[in-house]
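> Residue numbers (this note's numbering), protein chains in the order written: chain Z, 1 to 131; chain X, 1 to 500; chain Y, 1 to 180.
To be clear, the hints were calculated from the coordinates, so they are not data collected in a lab. Treat the hints with care, since some could be wrong.
Chain Y is faced by these chain Z residues, among others (derived, beta-carbon under 7 Å) [what the hints assert, rightly or not]:
id : residue
1  : L68
2  : V72
3  : A85
4  : A99
5  : G101
6  : L110
Built from N, CA and C at the ideal position, the CB exists for glycine as well.
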Amino acid sequence: MDSYLTPYLPVLILLVIAGVMCTAISLLAGKLGPRRITSVKEGAFECGNPSTGDGHARHSVRFYLVALLFIVFDVESVFVYPWGAMLHDFQAQHLGWFAFGEMMSFMATLALGLVYVWRKGALNWSADVNS
Amino acid sequence: MNFNPNDLVGILPAVILTLGGCALMTTEVFLRKDGPDRRYQPFLAAVFGLIALYVSLSQLGDPSATLFAGAAVADGIGRSISAVVSGTLVLSVLLAAGYLETLSASRGEFYALALFSAAGMCLLSQATDLIVVFIALEVMSLAVYSLTAWLRKGTKPAEAAFKYFVLGSFASAIFLYGAALAFGAAGSTRIADLALAVRNANAGSSMLVYAAGALLTVGFAFKVAAFPFHMWVPDVYDGAPAPVTGFMAAGVKAAAFATLARILIGGFGDVGASMGPHGWQSLIVLLAGATMLVGNVLAVPQRSVKRMLAYSSIAHAGYLLVSIAAMAGSEPRQDAVFGLVFYLASYAATVIGAFGIVALIERKLAPTGASDDLTTWGGLAQKHPLLAAAMSLFMLSLAGVPPTAGFMGKLGIFRAAIEAGLVPLAIFGVLTSAAGLYYYLRVVVYIYMVPSTKPEPVVGGRMLTAGVALAACAVLVIWMGVQPGAFATLTQSSLAGFGK
Amino acid sequence: MAETILFYIFAIGVLFAGAQVVLRRNPVHGALSLVACFFFLAGTYVLLAAHLIAILQIMVYAGAVMVLFVFVIMLLNLKDEELGTPRRTIWKGIGLVSVVGATGAVAWRGLGSAYDSVLAHGAATQLTDMAKHTLPGAPFGSLKAVAHAVYLNSVLPFELTSLLLLVAVVGAVVVAKGKI
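Model the full structure from these sequences, guided by the hints.
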């Protein structure tokens with residue numbers, strides 16, 4: 001079998017094994033394990049107070065801002081990764097400085113963004129809650 | 001490698017605007033005094049805008065140059081749209097200065113975002129590669145979405161920004177689908193290669209090309225607010241701060257129309273007027289007619305001047321589409337391209353002036369959350385005769401009454417349509433714009449005939465910078481109206497963009 | 001043959017998970033369906049020999065973008081009563097028909113007729129060939145080929161992307177941060 005997918009054969013085998021194992025373990029545990037639920041088992045035992053209120057609390061908008069900034073810089077890292085892997089090849093083509101300058105300009109723009117976010121206190125978790 | 005340091009000269013206006021935005025951000029985080037004193041920021045932004053304007057005007061006569069191995073181009077239409085965008089930016093920033101100060105919302109990010117968005121507009125008008133078009137479109141749009149949400153108090157700005165963001169992203173996704181299909185047909189994202197694919201389309205690939213063109217057009221029809229993709233316009237224009245609305249109406253329209261023309265003419269120009277499935281002229285004619293009709297009809301019942309101007313911007317998108325339809329006809333395209341660029345410039349000067357005066361009224365109304373109903377305009381003539389005269393001038397120009405810029409713009413577009421053989425469309429356009437006279441003149445009637453109900457002044461806050469910007473708009477409107485030849489260099493050189 | 005079977009598995013998975021995103025009332029279920037959709041899409045990219053894009057799809061979309069989605073869902077934390085009862089209106093039907101119709105028309109008339117020849121020659125064989133012969137030492141879809149395309153052939157879009165990300169940072173702070 002000579003296909004461009006041949007290198008993925010181990011991945012497929014791994015996926016199959018993982019899938020079979022997960023399903024089998026959870027099914028078997030549910031079938032074979034004894035299940036006797038009592039009120040003592042359900043309660044919190046020596047691990048703090050009985051829970052009150054709803055488990056679903058509203059999260060602060062700050063999480064959202066942090067997640068958004070994380071994505072932006074995550075995308076930046078995605079662009080840096082192939083560049084880092086290939087810089088040696090670019091140098092062999094006498095394009096090393098070009099590629100270096102190109103990436104520095106890219107990163108300088110985003111560094112400005114980082115400085116901005118930092119100075120504005122958007123990364124400041126202990127700022128007052130309503131900010 | 002497709003980079004040559006000289007390429008940066010071709011996109012110099014965008015580079016200057018980007019550097020300006022970065023400079024504004026730096027001032028915001030480092031050079032800010034404690035306290036509200038940020039009065040230098042709008043002037044810094046205006047200086048960068050003026051430099052970009054000067055550069056794009058000084059490059060107007062230069063020969064066309066391909067940049068970045070065909071990803072962008074420095075040609076007449078790109079340079080004239082860059083000039084229009086830079087001018088729009090300068091005027092909007094000056095109008096925003098007093099507005100934001102009065103509402104105590106003045107911060108450097110506002111000007112930085114405006115500069116970035118203008119940089120996106122300049123690059124959009126120069127892009128000849130669908131990937132560059134997409135990224136420049138997103139730079140422009142993201143910045144404008146954020147500016148729309150600038151005044152975060154109350155529900156109106158939030159609603160406006162959210163609607164604009166969701167529908168704008170939807171439009172971008174449709175554009176992206178079209179770009180993907182175009183890549184499938186041409187094997188490249190360059191518009192020039194797309195033209196080759198259109199020329200060589202066989203029975204198998206022709207439908208692919210056709211679908212790509214339709215989706216790309218729909219994406220831009222959203223951005224320029226053509227019927228039936230105009231639903232977001234009234235709420236967004238109404239909810240955004242008035243100086244931003246003016247910037248949006250003038251700048252986004254200019255860049256989006258230039259790019260739409262570039263894609264349709266550069267990519268699909270060969271088949272514009274053909275009868276087959278590729279003949280997109282009839283489609284644009286339908287869009288133009290419906291947009292002119294819907295915009296003008298829906299503007300009539302509006303009581304708020306800002307909402308009325310929003311609907312009127314839909315109508316103006318219709319007039320601009322007429323010039324695109326006129327370009328579809330085979331050579332020569334000179335008159336239609338000329339008409340498009342001149343109309344964009346004249347509309348920009350007029351609409352920024354109109355929204356600038358709305359901004360003055362809004363300064364007073366924004367804290368109370370009231371809308372600028374026609375009755376609030378009553379008595380403007382007694383208290384501020386100069387403002388009343390300027391507003392009347394802008395209304396007349398929007399209506400297309402001589403001797404204003406709007407008249408010359410409409411004249412150019414309808415003449416091009418008639419020369420391209422679209423006589424019924426031109427007649428329809430003249431009729432709808434005559435109907436538009438009613439709601440434009442109603443504003444003038446309220447300004448002059450209806451006495452003010454309240455003793456206090458109609459507008460609030462410091463007036464100096466806004467006054468300078470409004471005076472510049474008024475001068476431009478009259479100048480373009482009485483001496484359109486003076487702007488011939490601006491528009492003539494744009495012909496180089498489409499060759500032949 | 002294996003490619004064809006895998007393609008149908010992934011394609012049906014993408015469609016099913018995508019439909020779940022729209023149809024589920026509970027937003028958390030919708031978000032999890034979106035994760036599934038991203039994974040199936042990554043599988044499709046592997047079938048297209050775009051290995052790097054496949055792994056980035058999982059890293060960026062299934063990883064980072066989903067975090068954002070889940071945060072938004074937890075931020076809103078809609079209760080069942082706030083979600084309201086599902087309504088079936090005529091407009092939803094019209095919307096469904098027009099979306100399916102438009103996409104179907106593009107796929108059938110546009111893509112179908114354009115790629116008849118490709119399918120006739122066997123897409124999998126062609127991709128295998130492309131993987132061998134694109135650039136010397138840089139097969140199609142590899143890190144090398146992608147880096148070549150991004151850093152050397154698309155200088156302007158690459159630099160413009162940094163501007164886009166900068167605008168996104170500023171916009172996010174301006175819109176989401178209370179006191180600036």
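> Regarding the hint that A99 (chain Z) lies at the interface with chain Y, is the smallest CB-CB distance below 7 Å?
This interface hint holds because 6 Å falls under the 7 Å limit.
> Does G101 (chain Z) pass the interface check with chain Y, least Cβ-Cβ distance below 7 Å?
Violated, because the Cβ-Cβ distance from G101 (chain Z) to chain Y comes to roughly 11 Å (cut-off 7 Å).
> Have a go at the L68 (chain Z) hint: is there a Cβ in chain Y nearer than 7 Å to its own Cβ?
At about 5 Å, which falls below the 7 Å cut-off, the nearest Cβ of chain Y leaves the hint on L68 (chain Z) intact, so it holds.
> Can we keep the A85 (chain Z) interface hint, with Cβ of chain Y closer than 7 Å?
Since chain Y brings a Cβ to about 6 Å from A85 (chain Z), closer than 7 Å, the hint holds.
> Taking the least C-beta to C-beta distance, is L110 (chain Z) closer than 7 Å to chain Y?
6 Å, holds
> V72 (chain Z) was flagged as interface toward chain Y. Is the shortest Cβ-Cβ separation under 7 Å?
With a minimum Cβ separation of about 5 Å from chain Y (threshold 7 Å), the hint on V72 (chain Z) holds.
Violated hint for the displayed structure: number 5, the only one.
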